[in-house]
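Undergrad: The lines below spell out each chain.
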Amino acid sequence: MNSSDWEKDLERVVREVSAENFSAILNSEDLERLRIRFLGRKGSLTELLKSIKDLSIEERKLLAPKAQKIKSHLESQIEARMAEIEKLRFEKDLNSRTLDLSLPPLLPLRGRFHPLTQMQNQMAHIFGLMGFSWAEGPLIEDDEHNFTALNIPEHHSARDMLDTFYVEGSKVMRTHTSPVQIRAMRQKKPPLRIISPGRVFRHEAVDSTHSAVFHQVEGLYVDKNVSFADLKGTLEEFLKALFGPEIKVRFRPSYFPFTEPSAEVDLSCLFCSGTGMGIDQNPCGTCKKTGFIEILGAGMVHPNVFKAVGYDPEIWSGFAFGIGVERVAMLKWQIKDIRDFYQNDVRFLSQFKDTELPLFA
Amino acid sequence: MKISLSWLKEHLEFNFSAEELAEKLGNLGFEVESIERKGPQFKGVFSAQILQIEKHPNADRLSVCQVTDGSENFTIVCGAKNIAVGQKVPLAKVGADLPGGMKISRSKIRGVESSGMICSGKELGLGSENGGILILDPQLDLGKDMSLALGEKTEILDVAVLPNRPDCLSHLGLARELSWSLNIPLKPFKISEPTSQRVPDWKISVASKEDCPVYVGRVFENLKVSPSPPWLVDRLGSVGIKSINNVVDVTNYILMDLGQPLHVFDADALEGTEIFVRRALAGESLVALDDKKYDLNSDILVIADKNSPQAIAGVMGGLSSAVLSKTKRVFLESASFNAALIRKTTQALRLKSESSYRFERGTDPELPEKASLKAAEMILSLAGGKASDAVSQKNIKQNPAIVISAAQINQMLGSDFKPADIKDVFSGLVRDGGSLKLKEGQEGFFSLTAPSYRLDIESRADLAEEAARILGYQKIPVHYPKISFAPPRKTESAALVDFLSQRLKETGFFEAYNYDFTSLADFELSGAEMIKGVRLKNPLSEDMTILRPTLLTGLLRNAQYNFNHGNFSFRLFEKGSGFYDGRENQLLSGIATGKFPEIYWKQERAAENDFYGVLGALVDSFSGFDLDYSPLDLGLPQIQALFHPQKTVEFKSAGEIVGLCGLLHPRLASRWNISPQQREGVFIFEFNLSLLKKSPSPSSFKTLSEFPLAWRDISIVLAEEISYSSVLRAIEESKVPELKRVELVDIFSGENIEKGFKSLTLRMTFGLNDRTITDKEVENSIAKILESFKKIGAVLRS
Numbered sequence: 001m002n003s004s005d006w007e008k009d010l011e012r013v014v015r016e017v018s019a020e021n022f023s024a025i026l027n028s029e030d031l032e033r034l035r036i037r038f039l040g041r042k043g044s045l046t047e048l049l050k051s052i053k054d055l056s057i058e059e060r061k062l063l064a065p066k067a068q069k070i071k072s073h074l075e076s077q078i079e080a081r082m083a084e085i086e087k088l089r090f091e092k093d094l095n096s097r098t099l100d101l102s103l104p105p106l107l108p109l110r111g112r113f114h115p116l117t118q119m120q121n122q123m124a125h126i127f128g129l130m131g132f133s134w135a136e137g138p139l140i141e142d143d144e145h146n147f148t149a150l151n152i153p154e155h156h157s158a159r160d161m162l163d164t165f166y167v168e169g170s171k172v173m174r175t176h177t178s179p180v181q182i183r184a185m186r187q188k189k190p191p192l193r194i195i196s197p198g199r200v201f202r203h204e205a206v207d208s209t210h211s212a213v214f215h216q217v218e219g220l221y222v223d224k225n226v227s228f229a230d231l232k233g234t235l236e237e238f239l240k241a242l243f244g245p246e247i248k249v250r251f252r253p254s255y256f257p258f259t260e261p262s263a264e265v266d267l268s269c270l271f272c273s274g275t276g277m278g279i280d281q282n283p284c285g286t287c288k289k290t291g292f293i294e295i296l297g298a299g300m301v302h303p304n305v306f307k308a309v310g311y312d313p314e315i316w317s318g319f320a321f322g323i324g325v326e327r328v329a330m331l332k333w334q335i336k337d338i339r340d341f342y343q344n345d346v347r348f349l350s351q352f353k354d355t356e357l358p359l360f361a
Numbered sequence: 001m002k003i004s005l006s007w008l009k010e011h012l013e014f015n016f017s018a019e020e021l022a023e024k025l026g027n028l029g030f031e032v033e034s035i036e037r038k039g040p041q042f043k044g045v046f047s048a049q050i051l052q053i054e055k056h057p058n059a060d061r062l063s064v065c066q067v068t069d070g071s072e073n074f075t076i077v078c079g080a081k082n083i084a085v086g087q088k089v090p091l092a093k094v095g096a097d098l099p100g101g102m103k104i105s106r107s108k109i110r111g112v113e114s115s116g117m118i119c120s121g122k123e124l125g126l127g128s129e130n131g132g133i134l135i136l137d138p139q140l141d142l143g144k145d146m147s148l149a150l151g152e153k154t155e156i157l158d159v160a161v162l163p164n165r166p167d168c169l170s171h172l173g174l175a176r177e178l179s180w181s182l183n184i185p186l187k188p189f190k191i192s193e194p195t196s197q198r199v200p201d202w203k204i205s206v207a208s209k210e211d212c213p214v215y216v217g218r219v220f221e222n223l224k225v226s227p228s229p230p231w232l233v234d235r236l237g238s239v240g241i242k243s244i245n246n247v248v249d250v251t252n253y254i255l256m257d258l259g260q261p262l263h264v265f266d267a268d269a270l271e272g273t274e275i276f277v278r279r280a281l282a283g284e285s286l287v288a289l290d291d292k293k294y295d296l297n298s299d300i301l302v303i304a305d306k307n308s309p310q311a312i313a314g315v316m317g318g319l320s321s322a323v324l325s326k327t328k329r330v331f332l333e334s335a336s337f338n339a340a341l342i343r344k345t346t347q348a349l350r351l352k353s354e355s356s357y358r359f360e361r362g363t364d365p366e367l368p369e370k371a372s373l374k375a376a377e378m379i380l381s382l383a384g385g386k387a388s389d390a391v392s393q394k395n396i397k398q399n400p401a402i403v404i405s406a407a408q409i410n411q412m413l414g415s416d417f418k419p420a421d422i423k424d425v426f427s428g429l430v431r432d433g434g435s436l437k438l439k440e441g442q443e444g445f446f447s448l449t450a451p452s453y454r455l456d457i458e459s460r461a462d463l464a465e466e467a468a469r470i471l472g473y474q475k476i477p478v479h480y481p482k483i484s485f486a487p488p489r490k491t492e493s494a495a496l497v498d499f500l501s502q503r504l505k506e507t508g509f510f511e512a513y514n515y516d517f518t519s520l521a522d523f524e525l526s527g528a529e530m531i532k533g534v535r536l537k538n539p540l541s542e543d544m545t546i547l548r549p550t551l552l553t554g555l556l557r558n559a560q561y562n563f564n565h566g567n568f569s570f571r572l573f574e575k576g577s578g579f580y581d582g583r584e585n586q587l588l589s590g591i592a593t594g595k596f597p598e599i600y601w602k603q604e605r606a607a608e609n610d611f612y613g614v615l616g617a618l619v620d621s622f623s624g625f626d627l628d629y630s631p632l633d634l635g636l637p638q639i640q641a642l643f644h645p646q647k648t649v650e651f652k653s654a655g656e657i658v659g660l661c662g663l664l665h666p667r668l669a670s671r672w673n674i675s676p677q678q679r680e681g682v683f684i685f686e687f688n689l690s691l692l693k694k695s696p697s698p699s700s701f702k703t704l705s706e707f708p709l710a711w712r713d714i715s716i717v718l719a720e721e722i723s724y725s726s727v728l729r730a731i732e733e734s735k736v737p738e739l740k741r742v743e744l745v746d747i748f749s750g751e752n753i754e755k756g757f758k759s760l761t762l763r764m765t766f767g768l769n770d771r772t773i774t775d776k777e778v779e780n781s782i783a784k785i786l787e788s789f790k791k792i793g794a795v796l797r798s
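Protein sequences, first through last, are from chains L and Y.
So the first sequence is residues 1 to 361, counted in this note's numbering.
So the second sequence is residues 1 to 798, counted in this note's numbering.
Calculated from the structure, these hints are not laboratory results.
All values reported here derive from a predicted model rather than from experimental measurement.
Heads up, the beta-carbon is just placed ideally off N, CA and C, and yes, glycines get one too.
It is possible that some hints are incorrect.
[To be verified] Restricting the straight-line Cα-Cα distance to at most 25 Å, the calculated cross-link-like pairs of lysine to any residue (SDA-like) are:
{"#": "1", "chain 1": "L", "residue 1": "Lys171", "chain 2": "Y", "residue 2": "Lys209"}
{"#": "2", "chain 1": "L", "residue 1": "Lys224", "chain 2": "Y", "residue 2": "Tyr515"}
{"#": "3", "chain 1": "L", "residue 1": "Lys69", "chain 2": "L", "residue 2": "Ser102"}
{"#": "4", "chain 1": "Y", "residue 1": "Lys505", "chain 2": "Y", "residue 2": "Gly527"}
{"#": "5", "chain 1": "L", "residue 1": "Lys248", "chain 2": "Y", "residue 2": "Glu13"}
{"#": "6", "chain 1": "Y", "residue 1": "Lys209", "chain 2": "Y", "residue 2": "Tyr561"}
{"#": "7", "chain 1": "Y", "residue 1": "Lys702", "chain 2": "Y", "residue 2": "Lys647"}
{"#": "8", "chain 1": "Y", "residue 1": "Lys740", "chain 2": "Y", "residue 2": "Thr545"}
{"#": "9", "chain 1": "L", "residue 1": "Lys171", "chain 2": "Y", "residue 2": "Asp421"}
{"#": "10", "chain 1": "L", "residue 1": "Lys332", "chain 2": "L", "residue 2": "Asp312"}
{"#": "11", "chain 1": "L", "residue 1": "Lys288", "chain 2": "Y", "residue 2": "Glu23"}
{"#": "12", "chain 1": "Y", "residue 1": "Lys43", "chain 2": "Y", "residue 2": "Glu13"}
{"#": "13", "chain 1": "L", "residue 1": "Lys289", "chain 2": "Y", "residue 2": "Lys647"}
{"#": "14", "chain 1": "Y", "residue 1": "Lys475", "chain 2": "L", "residue 2": "Leu139"}
{"#": "15", "chain 1": "Y", "residue 1": "Lys490", "chain 2": "L", "residue 2": "Glu236"}
{"#": "16", "chain 1": "L", "residue 1": "Lys189", "chain 2": "Y", "residue 2": "Val619"}
{"#": "17", "chain 1": "L", "residue 1": "Lys307", "chain 2": "Y", "residue 2": "Lys647"}
{"#": "18", "chain 1": "Y", "residue 1": "Lys38", "chain 2": "Y", "residue 2": "Ile109"}
{"#": "19", "chain 1": "Y", "residue 1": "Lys647", "chain 2": "Y", "residue 2": "Ser675"}
{"#": "20", "chain 1": "Y", "residue 1": "Lys209", "chain 2": "L", "residue 2": "Pro153"}
{"#": "21", "chain 1": "Y", "residue 1": "Lys537", "chain 2": "Y", "residue 2": "Gly527"}
{"#": "22", "chain 1": "L", "residue 1": "Lys224", "chain 2": "Y", "residue 2": "Phe445"}
{"#": "23", "chain 1": "Y", "residue 1": "Lys490", "chain 2": "L", "residue 2": "Ser133"}
{"#": "24", "chain 1": "L", "residue 1": "Lys288", "chain 2": "Y", "residue 2": "Lys209"}
{"#": "25", "chain 1": "Y", "residue 1": "Lys144", "chain 2": "Y", "residue 2": "Leu124"}
{"#": "26", "chain 1": "Y", "residue 1": "Lys490", "chain 2": "L", "residue 2": "Pro153"}
{"#": "27", "chain 1": "L", "residue 1": "Lys224", "chain 2": "Y", "residue 2": "Pro488"}
{"#": "28", "chain 1": "Y", "residue 1": "Lys505", "chain 2": "L", "residue 2": "Lys240"}
{"#": "29", "chain 1": "L", "residue 1": "Lys224", "chain 2": "Y", "residue 2": "Lys482"}
[To be verified] Quick look at which bits of chain L chain Y covers, simulated, 3 or more residues with Cβ under 8 Å:
{"#": "30", "stretch": "48-56"}
{"#": "31", "stretch": "100-106"}
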């Protein structure tokens, strides 16, 4: 090929290139086809550049820059158009609503703890922060641990307070978690600070407020010089942690065979804020107008209990308390029927979403 | 116990309301469970008769009545429909007070003057139904004050008296307690020795002073047993006691008034003139006042005449010696019995009474004499006749003296009570018995002997409680115990249960709580042997007779409940005790069925609860615990029968079976109607955590290789019955260290696969730790594995 033929070819390529309407190319495939037509392995511009080797050095010096110029022009055109096409493609996607955002999302498969476990865990957590360790005992107990060592002798009317299930072989279903106190004290020397959450049994007809099976969180603290004032402080802080700092706590005299003095602990009513009147100006149904609700029983460990476990009541003193988990859960979630806890309807169980913020360290 | 406010006022002068009284009692430890108003809550209402009824000239619905109270006529405007001439009705005269603060005044009603109101029952506070005007008995005299016919106006408080305070099971007892805490003196207790003619007394013989420390007897003659006067019937009725006759009612009155149970015998029904307080002999029996025959034994104390028991001491009298209208002579018993003995009796005979309720809690040994005297006074005044002197046997033990200081009390309570205030409390306690000694010249040291009725005061702690109660629990400050820096710990078993519960929750299980009791039928269904179960001696009902050996029957009941309520997809687990073969095992069990979500618009995203899904949840939950599973072989006997024999695996820890997981036995599924349609089925598992190692092994860490891995998908064909575990074993036996991972990509049978065969596609990943693996090395490894496959008849799929 001589130089004038080559130049004619170049002019033809230049004409072809300038004839292309880049803005009419709307997708990257068409643009790629164009690139291959000129710059592919057998593209017209590529062929032309390959054949430049047939020319003389002077001719090459003269013509090569022209070819390079048109090549780089073409390349930059393609590149610019490619950027444009990309931009258009995103714009189209970004401006069209093809996903129905209101369709139900797919929730991950996640279970929940039973509301009584959630409640018990909350209580145990707070007591844990106050330095109480855990202790456990069997559900089938003997008379000694469930009654006698707790200062409830055989043929004592205090046993009437504890309707009991009897099991073959002169054993009982524990009527409270208090036998765990006895086991713990016999196992370990004082000082001692334990809670024993667990299941207890009462032989009473089941109705909306009574269950033959229920749960308690029992606590025991034994040390030197423990006083009733310490009991008040501990339970008041516990109840504030559980129900909020604004609640009021009241201690009333009561009787439990294993504590002396004994106390019933009341909480300012959660529903009428202790006013006794509901929002409708009718007497509050939860506290029956009193402004307070019974929440737990407590007292100073009876000297006879210390004697039964071999602690010297002249040296050691302590307090004990017991909270009904069902009762607190029913108050907290306004559950009217205690039997709901034992039905295990998944629609019931899935309502307790464990939404407490972990505010305590 | 029911307490009448007006009755209480006979012992204590006070003028606060029933509600205020309830609060004061509550602060002393006596919770008032209810307050009920009794008797007329009105004044100025008299019986009257309707003489004439005319239509009201200006109102269609009203009428104008002429009524008379026997001495005066009144014009009354009335709106009721149920009136007629001649009827007797309650008339509220001008000036009358009606319940709810309504006061009757002269008024013009649509132009007609009405000088009073004819009342309905509701307007008088007698019932809530408004059934029109209250029509009175036609025999009733005119002009009677209606409030008198309705008995005394009072409030009845239902007071919870806890077992340590039997001394407060009476009006006197509570009055005494209030007198002490409020510092209001009790009204004096007036009784006088009967002065009428005396009759000869009887002999009393008490076999054991332990069984019966005090026995006081008194004989009455020429009595006229008749109905009680209205005030007594009303008084007893207001606290829930039915009137019987004037003599029996006196004993019940004394019981409620002073707290001393009494018993009266028809003396003519007794043989001889000697009363024996003794243990029953074997073979003796008694038909008691409840008309039931009780077989007695030597653990039971009786009151007998010379021949046979006439009463079960402290519990109930005999029917044959009951005081009836024909009775002329009466023997009155006022005694104190051993509390534990009476309690044993009530439990053995399953028989209780108001008397036994008090005796088994303990009664004041000083009270029987006073009570007998007071009863004699009342009987003679109500039934006439004459009485003997009291004959008594007494062996009263003094309460022990307790030495205590104010400082000790303040230390126990964490309080700052002044010695003088504590002294006041103790002085009040011994006002009606007992004694208080002070240490000469030293303030705040006490030696206190509690009064005879305070059987509960035995130790310093009891006295500290008395001080706290009277001075007020609210006066004790709040203090915080010192805290130890040793972090509190859970028990290992509690930690294990919490840990596994948490993991199951993370895999979608909801926690269930069931009772520990099950029915015999459910117990048997599980496959457990009856002889190894634990039965309740006193079950509440047929379906709760035995302690559960497994948690699964409860969970199956839950599944049934949920199916019946339209919930077909769930995963439930439960932690709890299983009782079997003399052991209380810590179990963790579960049930799963359906899919998640039950309904989803992208159906392919819903996950099915199938065998592999449930097994996977367990494998994940128990990871770290060194468990292996294999097809069901030995199983666990107490739950075996619940599982499908071929679609179940057993988990082993150190060779011991700790749990099962599998498909619910189809027979049980259909029996309990929990066979889901078009579903994989119901899957169950149970682990005995008591057999499990308590803590999982710590996670181990291996440095990741920096060199790239190479993977190949290999499809092999093998006989249908060859298990995947055999395939894995063959791979393992090929001993190719370059093989890093094997994953099952697909199982296929059908087109191009011979019948009775299946094709598995395995993705094998190879690599070396020190350099990049070459293609050649991968090919060699695969060749070795294929060679090993020959042992199980597996060949490369062509």
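Undergrad: Enumerate the violated hints, using their earlier numbering and listing them in ascending order.
TA: 1, 2, 3, 4, 5, 6, 7, 8, 9, 10, 13, 14, 16, 17, 18, 24, 26, 28 and 30
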